[in-house]
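Novice: So you can see what is in the structure, the chains are spelled out below.
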Amino acid sequence: MDKVMSNKKMIALYVLPALALVLALIYVPIVLTGYYGLMKWDGIGAMEFIGLDNYSRLVQDSAFWQSAYHAFLLAAFSALSLIAYLAIALVLSGEIKGANLLRKIYLIPMLLSSVAIAQLWLKIYHPTNGVINSLLASLGFTGTIEWLADTKIVLLAIFIPIIWQYAGFYILIYYAALKNIPTSLVEAARIDGANPLQIAFRVKIPLILSVTKVTIVLAIVGSLKYFDLIYVMTDGGPNGASEVMASYMYHQAFRSFDFGYGSAIGFFLLLICLVVTWLIRKLTDSEEIQYS
Amino acid sequence: MKKKTMTVALTVALASAVALTGCGSNNAGSSENAGNTNTGGNAPANSSTNTGGGSAEKVTLKMMHLWPAGSSKQQNMIVNDIINEYQTANPNVTIKQEILENEQYKNKLKVLSASNDLPDIGMTWAAGFLTPYVKGSLFAPLDDVLGDGLKDSFVSGTTEAYAVDGKTYALPLELNITPVYYNKAIFAKYNLEVPQTYADFQKVVDTLQSNGVAPIALGNKDRWTGSLWYMYLADRLGGPETLKNAINRTGSFEDPALVKAAEEAQALVDKNAFNKGFNGLSNDEGKSEFMNGKAAMYLMGTWELPNFTTNETIPQEFRDSVGFFKFPTIEGGKGDIDSWVGGPGVGLFVAENSKVKEEAKKFVKFFVEKWGEQSVTKAGVIPATKVDTSKVDLPQMYIDILNELGKASNITLFADVQMSPAVAQVHLNSIQALFGKQVTPADYAKAHEEALAQEAGK
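Sequence order for the protein chains is A and C.
Numbering-wise (UniProt numbering), the first sequence opens with residue 1 and increments by one.
Numbering-wise (UniProt numbering), the second sequence opens with residue 1 and increments by one.
Warning: the hint list may mix true and false statements.
[Said to hold, decoys possible] Here are the simulated distance ranges between beta carbons:
id : chain 1 : residue 1 : chain 2 : residue 2 : range
1  : A       : L156      : C       : N403      : 47 to 53 angstroms
2  : C       : V164      : A       : V59       : 31 to 37 angstroms
3  : C       : D400      : A       : I30       : 53 to 59 angstroms
[To be verified] Okay, derived cross-link-like pairs now, DSS-like style, lysine-lysine, Cα gap no bigger than 30 angstroms in a straight line:
id : chain 1 : residue 1 : chain 2 : residue 2
4  : A       : K152      : C       : K260
5  : A       : K123      : C       : K184
6  : C       : K244      : A       : K40
Source of the hints: derived by calculation from the structure; they are not laboratory data.
C-beta atoms are modelled at their ideal positions from N, C-alpha and C, and glycine is treated no differently.
Go ahead and model the full structure; you've got the sequences and the hints to work with.
Specialist: What follows is the structure in structure tokens.
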């Protein structure tokens, strides 16, 4: 067995299928996207090389920067909500009754498909029959809040289901990390007279710092390239009020048939995500803490 | 070791299966062809023997369409009937179908044109969709087919939607116009009459509104729905030419009539004429307000007719209570009441580089004629060719609509179809902003004018 695994040819053979898939489905398309971004192309006719024109147009495109602003706002919301997830995970990982059941309940949204979630929340937000507006009406509130039609609140209305959707995922990650902390450390702290808050802030959170960093990157980068719920629920509307970078890219490429510009946006989005990831890693760079 | 090799083999097999399913899914639809001799999937389209013309020679025509047996059963049946009939009459011709769902169809058409490998016959949409294909010399002009009398059998204005620079590149199969449907039961309850003028219409809206009934069902998340309202206002105020000219750049979008139409649209919003939250609702959600009897009127295409006549899943009581009226005329406006917003749906094209172009054209002509005889009775689809209502047995609403079509003075093609895709996006977003009152009518017109001018300047 060991002999097989140390045989270079064998290793290559094992890696090959996955490598081929990753190359064909991820890296080659990235390179192609970069290439199309330099073209003027309607998807049908001949391509015309226009250099960086698409990018200079992008930099001056206020609709794009508005969508970028929305995406960064979503990233900020997601990052802040991590605090809440961490708090919930801390409570759950403590010896409270029904923690196991609660953990499963929190995970349910994660198991639903995005489209199902979108349909669910469309019903909740429905201006006349929706749960929220019906509830408000029964409480004596007379006006109708048009959750997805009002440009001032549509963004917030769409962030809530997104945050809700991913809650279970992050809680699960934190929960698993917290459960990995040796009980001896927590007990030692307790014997030394630390209260639960001190245990949380001085022992538990520092120990799962590396996991926290990963979740920050996941949450922020995931938000920057977010697409699904927005596409189904508002399609970026009304009039671009809930447009994010990925949906703007989609609209340019597949609605306006401007594949060159769409590709440029896609490539730019990739660059933004890379830069942001690098920045986060820089900012959160610190020594790994270990108590033993 | 033997076990290991097995695992490797399985891994490779699994990986290739994953890779292949991506390419293979399209063929599932194409293999359900009825009555075809060839089941070889994507074999090259054109038969090798053909040199053009000789009637005894074997000819294979490849046809791509978007009516799978699953989702468009009636249409699919008619297509197969027509093909069988043609093949019986012309034993040397074999017609191979490839069938894809709408979105897949559009994508495949694009991919095939990039590799210059279009089927001999296929389906296209009008104006804005068609133009890039024509500019790329991918479709053949069909004026010779229209020549001997066929053109007269089309409702006037329908083939023009497929014309670029004076040549017609596809023959339309479907035609839709957009009446205002209304709920007779609600109208009767509040003693309302079908409005003849826009002033009457506004009174109807006021009465319904003050009685707590949403006057008009609208789902404007899809945006073209609101565009219909705007187009009618523009037509009734400025006549059919004003909007057309603004789009084809012989006129301006800042024409007073077009700005006034935008003002009227906002006036309707101010009156609460539309159901609440319409800008966040899809067309289906908007439609359900009408279907549930919560809203009294609904402006939509005649593709909804089955829902109001023959569709058994909708309560008989509701179907009986639906009527339609023509968008009323506006006092002092130039438009007349027999001018419609609408347009042809899909049409048949013949590929420019098809090796069997003449045979393909013959079949297209045959298809259009046969389709016109069968589509409305068998599938409830109004064909672009004229229908003799005295000879067909149809629900009354169909007869009425077909009669209206017969005396239509004009059919204005949907604005977002008239425009190029990029300008259409500006138009649709502006419509949403206009109805959401985020822009003034003047700015609305200006946004269009700028987008159109920029497009023309390219």
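Novice: If a hint holds in the structure, say so; if it does not, say that too.
Specialist: Evaluated hints:
no.	hint	in the structure
1	A:L156 to C:N403: 47 to 53 angstroms	holds (51 angstroms)
2	C:V164 to A:V59: 31 to 37 angstroms	holds (35 angstroms)
3	C:D400 to A:I30: 53 to 59 angstroms	holds (57 angstroms)
4	A:K152 to C:K260	holds (27 angstroms)
5	A:K123 to C:K184	holds (29 angstroms)
6	C:K244 to A:K40	holds (28 angstroms)
Checked against the numbered hints above, the structure violates none of them.
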